[in-house]
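The residues making up each chain are set out below.
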Amino acid sequence: NAGVTQTPKFQVLKTGQSMTLQCAQDMNHEYMSWYRQDPGMGLRLIHYSVGAGITDQGEVPNGYNVSRSTTEDFPLRLLSAAPSQTSVYFCASSSWAGPKKLFFGSGTQLSVL
Amino acid sequence: AQRVTQPEKLLSVFKGAPVELKCNYSYSGSPELFWYVQYSRQRLQLLLRHISRESIKGFTADLNKGETSFHLKKPFAQEEDSAMYYCALKRPGNTGKLIFGQGTTLQVKP
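Residue numbers (the working numbering), protein chains in the order written: chain A, 6 to 118; chain B, 113 to 222.
One or more of the hints may lead you astray.
[As the list claims (entries may be wrong)] Only pairs whose alpha carbons sit at most 25 angstroms apart, straight line, appear in this in silico DSS-like list of lysine-lysine:
1) A:106 with B:169
2) B:202 with A:106
3) B:121 with B:202
4) A:106 with B:134
5) A:105 with B:185
Keep in mind the hints are simulated off the structure, nothing from the lab.
Excised from the complex, chain A in its bound form (with noise of 0.2 angstroms):
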């Protein structure tokens, strides 16, 4: 049972690199989200998706894009990266009604120089 996959584990970007940070969930959950984890700040949310095709922004979307082609996947792009997204990213999962039980990934971390 592999849950919630995310990939990379660890990043280094330089400023202004693209990349795209993959999640994916084998357990049918129609609710996936990003959060990001900065000390200090906790985890704020920054994209989320209620099922393929539907997403929305979170608290901090700036910076960052998504979209959901199908249930499993819900990748992260970082279409321009600055070194305040240096951070740690976690995806997360929930059957839906609602994103109350969230599985989560074990994050990647990113560090952009």
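Got chain A; can you put chain B on it based on the hints?
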């Protein structure tokens, strides 16, 4: 706007002492509240939710609407309780946002 505040970054207690992790929220309606926990080298996971009124690993939390609080309590702390704890809030119904607080690190000393 909904907001969750955990005023303590770090709470350090001795084994066997009572523990109270504070959580205050800002929301005008009747929210759903949760506690999540992240143990060292483990994934973030749900600890308990107010709607279930359950006790998990000896922890309980009561929703106090008058004080807009949802503090997490345990009468006797154990070393294995050392972890990062997050309080989270969701509006009632099928809404898509679960908002977390800043987190409190609980350190239980032997």
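Worksheet item: Where does the structure disagree with the numbered hints, that is, which hint numbers, in rising order?
Response: none
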